[in-house]
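Number of protein chains: 2
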Amino acid sequence: MEENSSQYEEATRNNYMGGGEAEEERDPESNSLQQPLLLKRNRTLSSNPLAIIGTKVSHIESLDYEINENDLFKHDWRSRSRVQVLQYVFLKWTLAFLVGLLTGVIASLINLAIENIAGFKLLAVARYVKEESCDCRLRFVLIMVDAAVAAVLVVGFAPTAAGPGIPEIKAYLNGVDTPNMYGASTLIVKIFGSIGAVAAGLDLGKEGPLVHIGACLASLLGQGGPDNYRLKWRWMRYFNNDRDRRDLITCGAASGVCAAFRSPVGGVLFALEEVATWWRSALLWRTFFSTAVVVVVLRAFMEYCKSGNCGLFGKGGLIMFDVSDVTVRYHAMDLLPIVIIGVIGGILGSLYNYLLHKVLRLYNLINDKGRVHKLLLALTVSIFTSACLYCLPFLAGCSPCNPDLGEICPTTGRSGNFKQFNCPPGYYNDLASLLHTTNDDAVRNIFSTSTPKEFHPYSLFIFFALYCILGLITFGIAVPSGLFLPIILMGSAYGRLLGLAMGPYTNIDQGLYAVLGAASLMAGSMRMTVSLCVIFLELTNNLLLLPITMLVLLIAKTVGDGFNPSIYEIILHLKGLPFLDANPEPWMRNLTVAELADAKPPVITLCGVEKVSRIVEVLRNTTHNGFPVVDEGVVPPIGLPTGASELHGVILRAHLVAVLRKKWFLTERRRTEEWEVRQIFTSVDLAERGRKIEEVTVTKDEMEMYVDLHPLTNTTPYTVVESMSVAKAMVLFRTVGLRHMLIVPKYQATGVSPVVGILTRQDLLAHNIISAFPHVAKSKEREKGK
Amino acid sequence: MEENSSQYEEATRNNYMGGGEAEEERDPESNSLQQPLLLKRNRTLSSNPLAIIGTKVSHIESLDYEINENDLFKHDWRSRSRVQVLQYVFLKWTLAFLVGLLTGVIASLINLAIENIAGFKLLAVARYVKEESCDCRLRFVLIMVDAAVAAVLVVGFAPTAAGPGIPEIKAYLNGVDTPNMYGASTLIVKIFGSIGAVAAGLDLGKEGPLVHIGACLASLLGQGGPDNYRLKWRWMRYFNNDRDRRDLITCGAASGVCAAFRSPVGGVLFALEEVATWWRSALLWRTFFSTAVVVVVLRAFMEYCKSGNCGLFGKGGLIMFDVSDVTVRYHAMDLLPIVIIGVIGGILGSLYNYLLHKVLRLYNLINDKGRVHKLLLALTVSIFTSACLYCLPFLAGCSPCNPDLGEICPTTGRSGNFKQFNCPPGYYNDLASLLHTTNDDAVRNIFSTSTPKEFHPYSLFIFFALYCILGLITFGIAVPSGLFLPIILMGSAYGRLLGLAMGPYTNIDQGLYAVLGAASLMAGSMRMTVSLCVIFLELTNNLLLLPITMLVLLIAKTVGDGFNPSIYEIILHLKGLPFLDANPEPWMRNLTVAELADAKPPVITLCGVEKVSRIVEVLRNTTHNGFPVVDEGVVPPIGLPTGASELHGVILRAHLVAVLRKKWFLTERRRTEEWEVRQIFTSVDLAERGRKIEEVTVTKDEMEMYVDLHPLTNTTPYTVVESMSVAKAMVLFRTVGLRHMLIVPKYQATGVSPVVGILTRQDLLAHNIISAFPHVAKSKEREKGK
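Top to bottom, those sequences are chains G and L. So that you can map any letter, position 104 of the first sequence is 104 in the UniProt record's numbering, and since no number is skipped, the others follow by simple counting. So that you can map any letter, position 291 of the second sequence is 291 in the UniProt record's numbering, and since no number is skipped, the others follow by simple counting.
Everything labelled a hint here was simulated from the structure, so no lab data went into it. Yeah, the Cβ is synthetic: ideal placement off N, Cα and C, and Gly gets one too. A few of these clues could be false.
[To be verified] Computed list of lysine to aspartate or glutamate pairs in EDC-like fashion (alpha-carbon distance at most 16 Å, straight line):
id, chain 1, residue 1, chain 2, residue 2
1, L, K358, L, E585
2, L, K663, L, E695
3, L, K74, G, E673
4, G, K662, G, E632
5, G, K663, G, E722
6, G, K74, L, E585
[Said to hold, decoys possible] From the structure, some residues in chain G lie toward chain L, with a derived Cβ separation under 8 Å:
id, residue
7, R280
8, L283
9, W285
10, S399
11, C401
12, N402
13, L551
14, Y718
15, S771
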């Protein structure tokens, strides 16, 4: 099931070990040689298709977004009635609707659970603070239980549920399938793990997990249920392909962002700018429909909760961090602080990326040691977080309430801006206002406008420093975690600090400085522009902020890009996911695909009517997923010389296995008629995947029989001539979403094979090519061209 | 210079007429056989590359977005120093900045001019109404002068400046170049024509023209100035290609929308959803930068005008139609009117598309008769418009002012909501409030919130009916016109009418009904979703409207799609622009590219070292733009049989002409070294386009000499195997942005040509294929598959 590119290594190994037992060898957990961090690269053009998913090393597979045009598909497609086409369209929209609906409902329930659990906890803490000074024990116990539940859930059941999941979704839409990433167990653990982790007060957001939850829902709906209990509905068969699943997962990701930030347009743009590799206009519309449904669900839920039916659920409306009451009146003079915010955001963002990369490498080493280590790491971080959150406010002094503001001051417990904590009545502790609350409320408090004297610089600095540390050490632990909120918290703190410093020289409100700081750090770390801008617009509901937000984002992204790639790219690389970049490297223009093909073992082709024994041998001894089908010595149409060879197309491993399983064998070497194959195979049979050659037993007599591969061969594969440069081939491969690309010769003569080679994703990855062609890297250094 | 596909017809004709004089024959104005409306299609797979640009029939050309990787390009690319790469990147951003800056400045000046001219005119009219009842003469004179100036400008100087220009931009980004579309004269006429037409009070918007102005600016900047006065700057040479020009024009289009609606994110999304065919992440960012600059410029301009330096320029801020003061409080009950608005919007929108199509066909026949007819048509429409605008308010009664509202009532002249017109003091004429004002102010008035009794249903109905008629008859006249505002005016009227009707049953403000009505009609006619939604969000600054706007847009688009394609597609089709759709037709799966190639005359190939006489002959007798280069009987690398033929690549017509002009001829048949060609040609020479074979004179002696085409040949053309289905080939052609696609044989034998055919845009257009393969259309009918 792996890629062609790993053929040589695997084939050699299998030859020594004897075919069938290769499967055990591939189990990554048992293979201690394969260090997750430094996935081995050798000098031939191949690399193992291994990647770190969650906290585990797994085998990954490429997806096939190409339409597999074989005779059966064509017949099935031709025989679709108008009703069936309408069914398909209707179902597509229904699924998009369901993705939005379920994502909205689950997001609402997660919010409800988090706010209730956290609220109860914080109320308890507040009560204990009042009764006896500095009794940290109760909160410790509560938080440890919380964090432990989250960690145990993740570590124990679904390793793929750790982390945000966004890089894996990005990889999926690029064409890399990560196993167990979108299963029912992942979904459930992600939901409860996320509730546990966020309610525990860890420096984590529920945003990333929500995106993953949306994608899981989409994937489950698309395939008709969890793996073992699939709905075998006739209508669903049209969705049993990678293309429709990809579209649905895009809808799911957009719905997740929308549910996280209550930002429908931002969700669509996030999916477009950050997640999706391949996009088309119709998808824009469907994604938009899903997010519209999410917003309606969220709104209905909030209307319901307004009447007090939701326990401790807060008052937040559709706008999460509303700053629309501030009139923005800025002048040329204010340009300077805006530029400063942008530059600092870019520098801090790239520094954060750099440090997080180091921390993640370290954590991967720890996590690799086993479950106990994972659990201990998660618990250590939780305890450290709790200790800081609880004890640091004692460092801050008490401030008198300002009666002019009209807000309740001081407040005790969860809701409200001015926390009393250890202060006498009429006073509030500003650091406690930020720390003794859920992360969402902390952001709301730090964004609060028209309260210029609410926070001391000293408290803000402690807050900033604390969240810098927490943001670095928390992300890598084995719990579902989002990156958005930690970065917003950090960024808003330094933004507000800068606002305080600029105080006398600026007309912009401090709350807006906090917003801009958050935006700049996001852009500095995640390097998104339009989607972030719209998300911030929808978060804060202040359209007049738009021009300055845009400038800040552009500056921060530009500065950040000068130092390192975006955090998602760093994580993708760290996980070893074979992500194909949009832009080919410059040196790829100097290399032809023929040179790539030469660096690989010769391509294995099959005949149009092939012996069973040969098929079995090829399937057992290679891990390729597609084989070119070539007919030798055919009689071409009149006008062409005889003895020509003909490229018929590509046949997929899955279809070969299906033939062997159905035992559709011929006693003589002949071509079949179309009706013969249609009696045996339906397009539903061919859509089935995941069957292995090891499951098939073929008798000795059957080995001598033949199979006509013609009707199952995809006759329209994408091809490139061998003189094509790697740069152009890669653009083609990525834009069309291929799994295999055939290389045809530029020479035309009898005896020349019509297929020179076959290219897969792994062959086109820059670092694989460099390791196989070291001189390319050297000439790249010498020329310093970019 | 035309496409390959027109080869047969042209070649035959040229054979009869003798090469060189074909140019006159191609002048479309003089060829009375070519009816603009019914561009002739014949039964072979070809169609004339003719299209209606503005009000004239012109020859169009395909663009080449592929990187032409020949030896010279590769050398030039390898020898680029790091400094030159930085220059290129820096220049790219500078140009994006300049596009934004200039678009912003020009948009501000257009606004200033329109508001001052219209304001002066309306003040004069108001004075005359007061003095003597119903003296229509003055206004007539004023308006006729205005409209006449606009019409004369357009008809006389720049026929391509008529209409909105958005379809042509869409076609450009799809790969179709329309001549004189982005020249300096078009730009100037568009600016002044647009000012004239809008100030004249015609039912036209400046939005479409602004998009075109942005694109013109981008194109002019990218090529270093107008055609005759180009900046021959060394830095600019890297921009002398279709790819960079395409990116710049995308930035220009986005800037134009941004300047029109003061909607930066909406502008980017409009470019993405509606205009662009090809998109990548980096472009998103650059487009966004341009629109950010536009917004900053607009803002600075408005700040400047606030101090009263701009004459009659209005008070509008960055938000054009602000409805943010309304709190949206809607419940499940309000879903019904929302659905109704959406459905009506979809029906009316598609009806509008249908009727406009008919009107445009009629107008094309009139416009085709000559300049006088065009002018008369434009004048008739202007006079009708003026008569209606001026006289209809007399039909409406006077309403008493509501002193609670706090707005000035009644007002006289241009600014303000409640127009006095012919009413006594303390009263206002509601129809005059809508008609005696600029279109922008009319929208502002009809969107005005918390004024439930301002407009009588009777007046609104008159307004609606009037703008339905004007919207249909105005668009096609020969002035620069936008579609956005007429549709907004129509839609807002019926929305507000519906709001009035729903009055007692709904909680939504009537102003919001007007907004939703406008949105629904836009979606029903233009079929955009996300970009419209964001544009409306940025127009109205009310984020809470978002969910209902989304629903209305989705419903309206769905309903509209049930009837006919979007208005832009209709116009594209009407103009005969060869636009490649994103989705292939279903029947294209049953056709292979080999069948397409068979329907065309055999492909003309050149040898690697070719005789001059043959090159001249081929260039004179065909209109192809690219020729495959094939070496016969070459000695291939060891291991391959001798006598093979080799596909070397594709050479462009422009490069062949360059060789002939430079007279780079060899006395014997030999291959040259790389340094030889570099002494003669630079990459600047090869980037030059537009030279014709007719300009070249070759002596008889030179005719017998040879040219080595190898170093100038693009060695990495995109190819498809002959068994590829047309559907997949079309997807490839469009997604990679090709001009030529080679078809290679699936048979491999000595004597088989390595190139079976060559495909161009015209070959892949659905209606061209259907006319060449009538049985395909029949089977399509029979199967009713879609």
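**OP:** Determine which of the earlier numbered hints do not hold for this structure and return their numbers in increasing order.
**Re:** 1, 3, 4, 5, 8, 10, 11, 12 and 15
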